Every structure is written in C-alpha cells, then in structure tokens.
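Undergrad: Just need the whole structure built from these sequences, with the hints factored in.
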Amino acid sequence: MTTNPPAHGGYTAPEDPLAAVDSWDHLVSTALVGTARRSVPVTPDLPETPDTEGATALLDRAALATVRRLAGYTPARVVPIEPDTASGPPEVGPQAAARLGVILADRPELLTEWLELVAVAGRCAPAEHLPDLLDRGARDSGLRPAIAAACGPRGHWLARFEHDWSYLLAESGSGDVFDEKTWLHGTEGERRRMLCALRAADPARGRELLAGIWDDLRKAELRRRLLEAMEIGLGPDDADLLDRALDDRGANVRGLALSLLTRLPHSAHADRLRDHVRSHVRTGPGRTIVLTPVEREETGLFRDLALVRPTGEISRRERAEHLWTLITRAPLDVWTDLFDTDPAGVLDRLSDDAEAHDALLNAIGVHEDPVWARSALGLLEGRVAERMVSTARDRRSLQLEPLLRVLSAEERCALAERSFGPKTGTRDVWSLLNAVPGPWATDLSHRIVRRLQGKGWERDHGGYRSVCLLAAERMPPELVHDLPEETPAASAVGDTGDSAYRNLRDTLRFRLDMHREL
Amino acid sequence: MSVSTRSVPLVSDRWSTDDVWAVAPDASSRKAALKVAKAASWPERGTVAAPTGGTSALWGECEGSGSKPYLAAVHLDGVGGTAYKCSCPSRKIPCKHVLGLLALWSQGEVGVREEKPSWVGAWLDGRAARRARAEGTAPAVPVDPAKTAATLRAREESVGAGLGELRMWLYDQIDAGLAEVPKLGYDHWDRMAKRLIDAKAGGASGLVSRLPTVARQESWPERVLEHMSLIHLLIDGYRAGDAVGERTRGAVRSRVGIALKTEEVQATGERVRDTWLVLGRRSVDMPENDVRGLRVWLRGVDSGRTALALSFGRADQAPTTPYRVGTAIDADLAFYPDGHRVVPTAGTDRPASVPEGTTISVALDSFARVLAEDPWREAWPVVLAEAVPARDDRWYLADPSGDALPLATDSPRRLLAVTGGNPSTVAAEWAPGEGLTPIAVWDRTGKAIPL
Numbered sequence: 001m002t003t004n005p006p007a008h009g010g011y012t013a014p015e016d017p018l019a020a021v022d023s024w025d026h027l028v029s030t031a032l033v034g035t036a037r038r039s040v041p042v043t044p045d046l047p048e049t050p051d052t053e054g055a056t057a058l059l060d061r062a063a064l065a066t067v068r069r070l071a072g073y074t075p076a077r078v079v080p081i082e083p084d085t086a087s088g089p090p091e092v093g094p095q096a097a098a099r100l101g102v103i104l105a106d107r108p109e110l111l112t113e114w115l116e117l118v119a120v121a122g123r124c125a126p127a128e129h130l131p132d133l134l135d136r137g138a139r140d141s142g143l144r145p146a147i148a149a150a151c152g153p154r155g156h157w158l159a160r161f162e163h164d165w166s167y168l169l170a171e172s173g174s175g176d177v178f179d180e181k182t183w184l185h186g187t188e189g190e191r192r193r194m195l196c197a198l199r200a201a202d203p204a205r206g207r208e209l210l211a212g213i214w215d216d217l218r219k220a221e222l223r224r225r226l227l228e229a230m231e232i233g234l235g236p237d238d239a240d241l242l243d244r245a246l247d248d249r250g251a252n253v254r255g256l257a258l259s260l261l262t263r264l265p266h267s268a269h270a271d272r273l274r275d276h277v278r279s280h281v282r283t284g285p286g287r288t289i290v291l292t293p294v295e296r297e298e299t300g301l302f303r304d305l306a307l308v309r310p311t312g313e314i315s316r317r318e319r320a321e322h323l324w325t326l327i328t329r330a331p332l333d334v335w336t337d338l339f340d341t342d343p344a345g346v347l348d349r350l351s352d353d354a355e356a357h358d359a360l361l362n363a364i365g366v367h368e369d370p371v372w373a374r375s376a377l378g379l380l381e382g383r384v385a386e387r388m389v390s391t392a393r394d395r396r397s398l399q400l401e402p403l404l405r406v407l408s409a410e411e412r413c414a415l416a417e418r419s420f421g422p423k424t425g426t427r428d429v430w431s432l433l434n435a436v437p438g439p440w441a442t443d444l445s446h447r448i449v450r451r452l453q454g455k456g457w458e459r460d461h462g463g464y465r466s467v468c469l470l471a472a473e474r475m476p477p478e479l480v481h482d483l484p485e486e487t488p489a490a491s492a493v494g495d496t497g498d499s500a501y502r503n504l505r506d507t508l509r510f511r512l513d514m515h516r517e518l
Numbered sequence: 519m520s521v522s523t524r525s526v527p528l529v530s531d532r533w534s535t536d537d538v539w540a541v542a543p544d545a546s547s548r549k550a551a552l553k554v555a556k557a558a559s560w561p562e563r564g565t566v567a568a569p570t571g572g573t574s575a576l577w578g579e580c581e582g583s584g585s586k587p588y589l590a591a592v593h594l595d596g597v598g599g600t601a602y603k604c605s606c607p608s609r610k611i612p613c614k615h616v617l618g619l620l621a622l623w624s625q626g627e628v629g630v631r632e633e634k635p636s637w638v639g640a641w642l643d644g645r646a647a648r649r650a651r652a653e654g655t656a657p658a659v660p661v662d663p664a665k666t667a668a669t670l671r672a673r674e675e676s677v678g679a680g681l682g683e684l685r686m687w688l689y690d691q692i693d694a695g696l697a698e699v700p701k702l703g704y705d706h707w708d709r710m711a712k713r714l715i716d717a718k719a720g721g722a723s724g725l726v727s728r729l730p731t732v733a734r735q736e737s738w739p740e741r742v743l744e745h746m747s748l749i750h751l752l753i754d755g756y757r758a759g760d761a762v763g764e765r766t767r768g769a770v771r772s773r774v775g776i777a778l779k780t781e782e783v784q785a786t787g788e789r790v791r792d793t794w795l796v797l798g799r800r801s802v803d804m805p806e807n808d809v810r811g812l813r814v815w816l817r818g819v820d821s822g823r824t825a826l827a828l829s830f831g832r833a834d835q836a837p838t839t840p841y842r843v844g845t846a847i848d849a850d851l852a853f854y855p856d857g858h859r860v861v862p863t864a865g866t867d868r869p870a871s872v873p874e875g876t877t878i879s880v881a882l883d884s885f886a887r888v889l890a891e892d893p894w895r896e897a898w899p900v901v902l903a904e905a906v907p908a909r910d911d912r913w914y915l916a917d918p919s920g921d922a923l924p925l926a927t928d929s930p931r932r933l934l935a936v937t938g939g940n941p942s943t944v945a946a947e948w949a950p951g952e953g954l955t956p957i958a959v960w961d962r963t964g965k966a967i968p969l
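So the sequence lines, in the order shown, correspond to chains U and P.
Heads up, the first sequence is in the numbering used here, so the first residue is 1 and it goes up one at a time.
Heads up, the second sequence is in the numbering used here, so the first residue is 519 and it goes up one at a time.
In case anyone wonders, no lab produced these hints; they're calculated from the structure.
There's no promise every hint is true.
As the list claims (entries may be wrong) - Selected chain U positions facing chain P (Cβ under 7 angstroms, derived; list incomplete):
no., residue
1, G34
2, A36
3, P83
4, E128
5, L158
Computed from a prediction, not measured in an experiment: that's the story for all the values here.
All residues carry an ideal CB built from backbone N, CA and C; glycine is no exception.
TA: Okay, here's the thing in structure tokens:
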C-alpha cells in the first residue's frame, strides 16, 4: 500500500508494513453474512483478541478497528480559498454593531437609514452581520444599493460564496477599480461592476467599450444590465448609443434606453419628441389644448417612445397610453414654446383633459423640473395649501409625492408646513404627510405635533396612528426632546393612539442613538 | 455532605445582546421580546447592585394591554445560575417580558435604583431564604449510608443484568448477519431498548434506539458495525468494573446510564481551580425527548484541562449557562469521574484574550488521547491556530501545514464573513463521523464571535 495520505482524508489503516491488509472490509462483510455462516476473518493488523471465533471475536475485532479508525483520522490536503486582502473602511463601533443586530431582528424599516448613515460616515457594516445583510438584499432588491455601499470590500468578497448573494457582485461598490481582464472574462455581474467603475472614472471610454461589443451581446438581460451602467456619468455624448438601443429586440432594453434618453433634453431624440408633440396638439375652443390620437402609420413615433406598434384597430386604452407616454417623455419646454405661456398657463389650458393633465404632472416628476413642480403645486397662484390638500384627498397623492420630490427638502417641507393647520381634516393631514418624503424639517415636525394635539382624532384613531408611524421614520430624531411626555389628545385617541405615540417616541430615541453612534 | 459555600462574590456584568438572545427559548420569543424591549413600556425599572459592585438583579414593570403591569425580574448572581420571574401567564422561561427587560438592560437602558419595589425584595429574599434553608438542612452525610450503598448496588446489578441480555442480543444479531438490518421494523429494536430502560440502563437503551437511524445512513453496514462494536465495548467496559482506569470507568457508567447527582459531584468530584476560557457553545437539541441541551466547552489556562459544561432545558425553555463565549472565568470546577464534564459554576468573568491554538495534527492527537480513555466520545473541542477555510467539493478548515478537516456545516457563512479567509483562531467541535463544527472565531481585533 502507499504511504501517501488520501486527497480527502478520512479513515485509513496505519502505515505499518505488517498491515498488508486493512481488516475492516473483511469484518464488515462477515458481519453482513453472519458469524453463524462465516468464520471470523484473521486480522493480522489488529491486536490479538481472546476469542478467535464467533460473534465475540468479530465484535472485539470490529471494536479495535473502529477505535483505531476514529483515532487515526488522516487530514485531507485542500487548497485554501483566496482570502480577502482588500483594506476597506473601518467597521462601525461595537454599539452601532449591536444596534444593527436589533434592527435586523425587529426594526427592518430602519435598515436603509442605518446603512446610509454608515456609508456617509465612511464606515462599513460589522463582518459578523454580513451574511444576514446579504440575505436581506437577496429578498429585497430595494435594499441592494444601500447594502452594496455599506458592506465594504468584505461583503463583495463574501458574495461569491452563495448563489443567492450574487446580486451584490453586480452592484457597484465604492472602491471598485476598472480592470480589463475582469471586464473581458468576468461573470456578467462582474462585467457590469467593471463598466460601472469605468463610467464613474471615464464615461467616454466606458461608452466606447460598451458600443464596441454591443452587437455581440446575445442576451437581452445582459444588454440591459450593462446599459444600466450608462446612467453613471450620463451626458449628451451618450445619446447616439442610447438611440441605437431603441431598436433593441428586448423590450426592457428599449424601455431603459428611453428613460435614459429622457434625461438628455438636447439630443436628436428629444428634438424628435418635440416634433411629435407639435404634430399632435392644437388649440381648441376657449384656448384649451386638444390632443390628436397617434396613428398606426407613425412608425417613427412608436420607435422613439419604445412602444409596440399596434397591428390592428387601436383601442381606447392604447390611444391613451400612446399620448400618456408622449407627454411624459417629451421635454417640457415644448409646451411653453408652443403656446407661448408659462407652465401654469399650459396646465390651466390643459385642465379639461384629465388624462393629459395627469400625464403632464407625471412628466414633471420624470423630468425633475422644479419650476414646473412649483407651478403644478399652485405656488405661483398662492393656492398651494388648497391644491396640495385637494391633490392628496383625490387619491392623487401618488402624483403629489413625485412633485414634492423634485423640490429641495427645505422647500417641500416649508410648502407642506403651510399646507395644513389646526382645522385641516385628520385624513387630509395623513394623505398630505404621506406624500412628503423624509427627512422632515423641524418646523414641519413641530406643526405636526401641534396638529396631533388638535381636534378631530376621536373619530380617526387609525389616522392618528398612521401619522405617528410616518413621523417615527421621517422626523429628525433630535425632536424627541421636544415631544411632550404625555400623549397629545390622549383622551381622544384611546389605547391605539397612546401606544402609537409612545412607539413614535421610542423609535425617535432609537434613531437618535443610532445617529449618535455613527 | 456539604455543598461548598462560595466566599467569592458572584458578580455579573452587563450582558451583551448576544447573551440575551442566547437564553431565548425560541425565535418567536425573541421577536416578541423585541416588541416589549422599549423603554416606554417599562416606566418602572432598575437594577439591584451587588454588594461588591456589578449587578445582582434586574427588575421592571411592563405596561401591557391589561390594567395591571407585568412584574418581571432576573436574579443574575444566584447560586444555581440565572433565575427569572414574571407575573405573566406565559409558560416559556424566560418569557418575552423578561427577555425584553434583559434586552433593554443590555442596551444600557436600565440603571441602578437605590429603592426597589416590595415584590422584588420579597422575591430575592425568598430565594436567599430557600438557599439558606437548603444549605442549613442539607444532610452533612447521607441519612443512611448502608441504605444508599444498597440502593446503588441493586441498581448496578440491575444494569449488569440488562447489559448481559444486551450482550446476548448483540451476539444474536452478529450471528444472524446484518444484511437484513435496514428492513427490520422499529419493534425489533424497541423491545431491547425497553428492556434496558426497565433495567435502569437508560444510556445503553438510547444507544440501541439509535441503531435504526444508523441503519439508514450512507455506508450503513460499516456504520452499524461500528455502532454495535462500540456498544459491545461498552458492555465489556462495564463488566470490567474497577479493572479499568477511573476516567474510563466514569465514562462507562455515565454512558450506560448511571447518573451522578450534581451534589455528589460537588462533594466528591475532582476539583480544579483555574482560569477557564470559554471556547464556545453548541446547542444539541433532542426533540424526541422534548429536551434542549447546550454544550459549553472550557479550557483551563494553567491546567490545560478541557471541561464540558452541559445544560438542559425543556422544549419551551432555552438551557441557561453561566458562561459567555470569549470570556474567562476564575472558578474551582468540580469534575465528573470521566474527567471532562463539570458542574456549571458561576464565577467572576472578564474579557479574555485569544486562546492558544494548535495545528490540526496536534488537535487530532489530543482527540486520540481522549479516545484512549473514552473510546465512545463523539465530540471534542479543538482550537486551531491560523486556520483558513478551504473548499473543493465541500468546505474544509486548513492549517498552515496544508492539513485540512472537513466541515460538518454546508457553508461557514459567518466564519467566512468574519475572517475573510484570512488565518484566524477557530474553536470547533471535532467528530470524525460528521466533521468539524466551528463554534467560535476570534477576529483580527481579538474579539470572540460565537458561530
């Protein structure tokens, strides 16, 4: 027999020249047949046993062999994995690490905030919690960018070991550096990361690399994921490649190309959209704006808007979708130029056509145009409060939020603060606040607390609770010191409200500690 | 018999969050506890300082949905380990209120209070009184030594008779051959197992009950023969009586099922005073018996002794242990006759440095030496220095010489995360049949992380 240990280790006979045979196999086969029918094998490699025949002898010898096998375990020889040698940002301190444990267990709604604070502080999440974090990201793609930014190089290194974590390999990390070899030969996720890194450093070179291989990329999903990298450092020079992608076979690729092109208002594509708008609007009675339907023959328009060209009769729903997309994607300046008026004027003249009006509000959010947003919110006419509350109440809060998002946090909080008072209905308060993204300014927060102390909650305990829940996540945590100890309107809101308010204070205190630790 | 009265004060510092969750009976308790672990739910709360500093107890009044608050308290430095109390109707121990209170405390949200409510004082006084009573009335010597000895002798004879039958039964199996074993019904094994229970040889009975499971494993002929030959060896060991070494005898007697009372071990067991490093812990649940177990491995800094502290709990109660991974505790431990198991004893613990590790080859040698005294031992702690994860068709842990042992776990996620594949000190349980189960790792700052 050879004296080399086996590649995978395990039980082996001792390296004794006398042990020509490992008796174990013989003992096992005899035991299978039974000592009544077969004699006990001779075991020269084992110490002698008192008996040489029968069950006693077999069990004696098997026991010797078993203990020898257990005690004589031979290690394997296996090449260690490539370690993580990258030096990343320092881990957060022990208190922040412990807090992450609590957040993972019970306050998942605060996880994004924690991760963002960590990234801003130039720290990274503690290594021991990385598996748990990567699991969260596997289930919730919304968390992935925040996880990628806070998990440090260790997280990116770790992600290769579990299939469910491979998404992270595609999320760009802060420390990524472009590497030609990985770009050419890496996995799809790694290639995407490399392209993202290159776009961050040298957008033109990144675009050239992608354009160079664009026609050879077989899988639509890969084309889409690589095209996403164009978002980083997006500029006017990128328009040609994106325009090319509008002819892609994959609908998702076309859709992505369109949304990136929408952000380039000086491209040839944008000019074509302006032309499409011009050919579909006219002035109706009473200076209203009237839109004409898109015809099946307008192939150029369908391509420019990444729409599927209808083959049969155009249904009402399709017609609405065509115009909606056109209004959403076309640069907003076409409207003011065309009708020689300001945004408010356009909105006003379009107000009879509810669908077109909604589409234009949607366009303001998509184009992130604050001037239009202010007009839409009625600021210029001094009707902001009324407009905001009515928009919120009309179940159009979905539109209110994108409009508010266009404005700076300061401006939108100031707007929101002016929009409700002690008399605003409880339901309106909630709808309005729901549309105001956090973090909330101090003045707005104070007004909310005063409103909680106000009237009307006795008929709307659920609303009180909902406002407390929003405030818990969006109010600045320092505000916990300004909150009254006693539950506002305690007698009106019952147990539901009382516990909601106490939860609000707890969450703010929790967040305050969280902010101080990072 | 005298229970040793400790003169060393038992002080407990604040627990970490991990320590708190380690005593949670199950995941749902933990979740429920987090919901009540909010300062606002505990308008009244405080800790009771121990006379020597540190914390002796912890109490709080939790406002729930009912009109009366739930009164929850934890006695941290009790003699028998941590004790919990709560006025809620939950059967779980500790309940969510107690866990929530502990969690708040671990976050620094519960401070010392000079005055304590009367119910806390009454409970703590009651515990102290019961302890004093137990010590005062505990008989210094067995009531009737002759009777006790006779009882033990009867037990030994009964076990001996049971093992004699087991021996004959085993011979019958081997004579007839094992080929049909996987097809045998549970009846076949249960009859023998029940007979051993009747003979008060519960341990041996458990070994027989495991045979059908062993017969379902891969390479079952080998596994069954191994298992049977070890049972055979155990019977021989029992018959050998005092002819075998003291530790072997202790191992044999505990494995056949002649258990020793904790008090006996405290009174007569070998004592080793040392600084004990807590290497790691592993849960060993036995759902078939509704029992949950916890193995905690300790290592004596000066003596080099390995100690195993076992704790058990009911299915709805997490086993508690006075030991926290990564700390060192000065204690005078009482050993069971097998030379490894100890009576868990609380003591002053403090953060410890990284334990000294060895190569894989040295670790395997230490296991072989243990097998020489106790060939039935199934798990043994090893501390590997500069260990790195390795992988081909499965995961391994390798040492700088290139030796590697297979891991029992699918993917050592936490170990990978903490070490990044860089050489680290790792404590693990070694079982030749299963592989290596990492139980703790020390990160590059020297912090112990339980796995």
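Undergrad: For every hint, state whether the structure bears it out.
TA: Now the hints, each set against the structure:
1. A distance limit of 7 angstroms between C-beta atoms decides the matter here; for G34 (chain U) the minimum to chain P is near 3 angstroms, and the interface restraint holds.
2. Against a cut-off of 7 angstroms between C-beta atoms, the interface hint on A36 (chain U) holds, since the closest Cβ of chain P lies about 4 angstroms away.
3. Interface hint status for P83 (chain U): upheld, as the beta-carbon distance to the closest one in chain P is roughly 4 angstroms, under 7 angstroms.
4. At about 5 angstroms, the closest approach between the beta carbon of E128 (chain U) and any beta carbon in chain P falls short of 7 angstroms, and the interface hint on this residue holds.
5. Hint status for L158 (chain U): holds, given a least beta-carbon distance of 5 angstroms to chain P, under 7 angstroms.
Comparing the model with each earlier hint shows no violations; every hint is respected.
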